[in-house]
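Asker: Chain residues, written in single-letter form:
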Amino acid sequence: MQHFYSFNRYSMCSGVIALALLILLASFSARAEYGDVVLNNRAEKSGMRPVIFPHWFHRIRFKCKVCHTEVGFEMRAGANDILMSDIIEGKLCGKCHNNKIAWGPQNCHLCHSGLPGLKTGIRGGDSTGGPGKW
Amino acid sequence: MKLHLIKRLLVMCIGLGLAWPALPAEPEQTASPWLLLTQDNLHDPNGPGVQLLQNPSEALFELPRDVVGNQVNWVRALDKGYINPRINLYSNTKMKVLDMDVLRRNTGEMNVVLFPHRQHTEWLDCTNCHEWLFKSKAGATKFSMFDILKGEFCGRCHGAVAFPLTQCNRCHSVPRTAISLPAKAD
Numbered sequence: 002m003q004h005f006y007s008f009n010r011y012s013m014c015s016g017v018i019a020l021a022l023l024i025l026l027a028s029f030s031a032r033a034e035y036g037d038v039v040l041n042n043r044a045e046k047s048g049m050r051p052v053i054f055p056h057w058f059h060r061i062r063f064k065c066k067v068c069h070t071e072v073g074f075e076m077r078a079g080a081n082d083i084l085m086s087d088i089i090e091g092k093l094c095g096k097c098h099n100n101k102i103a104w105g106p107q108n109c110h111l112c113h114s115g116l117p118g119l120k121t122g123i124r125g126g127d128s129t130g131g132p133g134k135w
Numbered sequence: 004m005k006l007h008l009i010k011r012l013l014v015m016c017i018g019l020g021l022a023w024p025a026l027p028a029e030p031e032q033t034a035s036p037w038l039l040l041t042q043d044n045l046h047d048p049n050g051p052g053v054q055l056l057q058n059p060s061e062a063l064f065e066l067p068r069d070v071v072g073n074q075v076n077w078v079r080a081l082d083k084g085y086i087n088p089r090i091n092l093y094s095n096t097k098m099k100v101l102d103m104d105v106l107r108r109n110t111g112e113m114n115v116v117l118f119p120h121r122q123h124t125e126w127l128d129c130t131n132c133h134e135w136l137f138k139s140k141a142g143a144t145k146f147s148m149f150d151i152l153k154g155e156f157c158g159r160c161h162g163a164v165a166f167p168l169t170q171c172n173r174c175h176s177v178p179r180t181a182i183s184l185p186a187k188a189d
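Going down the list, the protein sequences come from chains C and Z. Quick note: the first sequence uses the working numbering, first residue 2, plus one each step. Quick note: the second sequence uses the working numbering, first residue 4, plus one each step.
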C-alpha cells in the first residue's frame, strides 16, 4: 500500500513538472494564431514561400468533419503529402479552392504566405507546445 | 495603545489618498488579443498576398470569448449560432450528433474526466475518432496523460487546435465524491 502511494506521488510530481515545462516552452514559442499550420514539406524546395493554413478561419466556415472526413486530411500536421498538381486536379485543398467554393489555385500568394525557413508543424500562442509531434 | 493604532491608521489613509492619483487607472480599452498577420512571426510581411488575407481580429472579435487558444469559445459560438459552418461538400453526408457522456474514472488524484459526445459530434464525424484512435467500447482504449501530452489520443486536437492541455478542469470536471463508484473502476 505504501509502495503504491509513493508511486502515485511520484507520477503526480513528474506530471506537474512536465506541465510547468510545457507552459514555460509555450511562453517562448512564436505567437501565431492558435492552430495555425505551417506546410513546408515541399513548398520552399520548389521555390515558394511556406503555406500557412489557419484553422480559425476555416472553422468559422466549415465543421472539422468536412476536411477531416470528406476531403480526407489526416489529423496530424505534416502527415498529409500535398502536391500542387493534386490541388489543381480538385483534390485535397482543391476540393474547395477551385474558384467555385473558394478562390482557386492561381492565387499562389494567398496560401504561400509564410516566412522563409519555417518548419512544417502546428503553431499557436496558447498551445502547450509539447514534446510530441505537434 | 489604542490611540497609537488610530494614528497609524490615519497616516495610512492619508498616504493612500495622496497616492491615489498615481495608481494606475483601469484601462478603458484593452488591447486586441489577436496579432495582425504581418506581425505574427509566421506570415511574411513582405509577401504579396498577406495584405489580402483576413486578420483574426476582424473575424473573432464578435465571437464568445475564451481565455485560451484563439480567445474564442468555439463550442459556444456554434451552440449560440454566432457561426454557421457548412456541414458537408457532398449532400449525402450528415452530422450525426450523439448526446452521450462518458466518464473516465481511472484518473489518479485528479477529478474524473467527463467526455461529452454532443459537443464533439457537433463538429466531428464518428470516424474522426472511432475506431482507429478510440474504441467505441468504454474503457477499451488505454491511454495516460503522458500520451495526451505527446499529442496522441485527446492530444491529437487538444493542445493543437482545440482548447489546450493547461485547462485541466475542463476535462477533469467531476469530483470523485459526486459519483458513488469505486475509484479504480474504469
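Because the hints were derived from the structure by calculation, they are not lab data. What you are looking at is a predicted structure, and each value in this text was computed from that prediction instead of being measured. Note that CB positions come from ideal geometry on N, CA and C, so glycine has one too. Some hints could be false.
Selected chain Z positions facing chain C (Cβ under 10 Å, derived; list incomplete) [as the list claims (entries may be wrong)]: (1) His7; (2) Leu40; (3) Asn44; (4) Leu56; (5) Pro67; (6) Asp82; (7) Leu101; (8) Val177; (9) Ile182.
Derived BS3-like pairs (lysine-lysine); straight-line CA-CA distance at most 27 Å [as the list claims (entries may be wrong)]: (10) Z/Lys140 <-> Z/Lys99; (11) Z/Lys140 <-> C/Lys92; (12) Z/Lys140 <-> C/Lys96.
Asker: Would the hint on Z/Leu101 stand, with a C-beta cut-off of 10 Å toward chain C?
Answerer: 13 Å, violated
Asker: Quick check on the hint: Z/Ile182 CB to chain C CB, less than 10 Å?
Answerer: 20 Å, violated
Asker: Minimum Cβ distance from Z/Val177 to chain C below 10 Å?
Answerer: The hint is violated - Z/Val177 has no Cβ within 10 Å of chain C, the shortest such distance being about 19 Å.
Asker: Can we keep the Z/Pro67 interface hint, with Cβ of chain C closer than 10 Å?
Answerer: Constraint on Z/Pro67 not satisfied, violated at 13 Å.
Asker: With chain C as the partner, please determine if Z/Leu40 meets the hint condition of a C-beta pair closer than 10 Å.
Answerer: 8 Å, holds
Asker: Taking 10 Å as the limit, does the beta-carbon of Z/His7 come near enough to a beta-carbon in chain C?
Answerer: 46 Å, violated
Asker: Under 10 Å is the threshold here; is the Cβ of Z/Asn44 close enough to any Cβ of chain C for the hint to stand?
Answerer: Given a least distance of 4 Å, the restraint on Z/Asn44 holds.
Asker: Would the pair Z/Lys140 and C/Lys92 pass a check requiring their Cα atoms to be no farther apart than 27 Å?
Answerer: 34 Å, violated
Asker: Would you mind confirming whether the straight-line C-alpha gap from Z/Lys140 to Z/Lys99 stays at or under 27 Å?
Answerer: Within the cut-off at roughly 18 Å; holds.
Asker: Z/Asp82 was flagged as interface toward chain C. Is the shortest Cβ-Cβ separation under 10 Å?
Answerer: 13 Å, violated
Asker: Given Z/Leu56 was flagged as interface, is its beta-carbon under 10 Å from a beta-carbon of chain C?
Answerer: Since the shortest Cβ distance to chain C is 6 Å, the answer is holds.
Asker: Going straight from one Cα to the other, do Z/Lys140 and C/Lys96 come out at no more than 27 Å?
Answerer: Given pair Z/Lys140, C/Lys96 is violated - Cα atoms ~34 Å apart, limit 27 Å.
Consistency note: the structure conflicts with the earlier hints numbered 1, 5, 6, 7, 8, 9, 11, 12.
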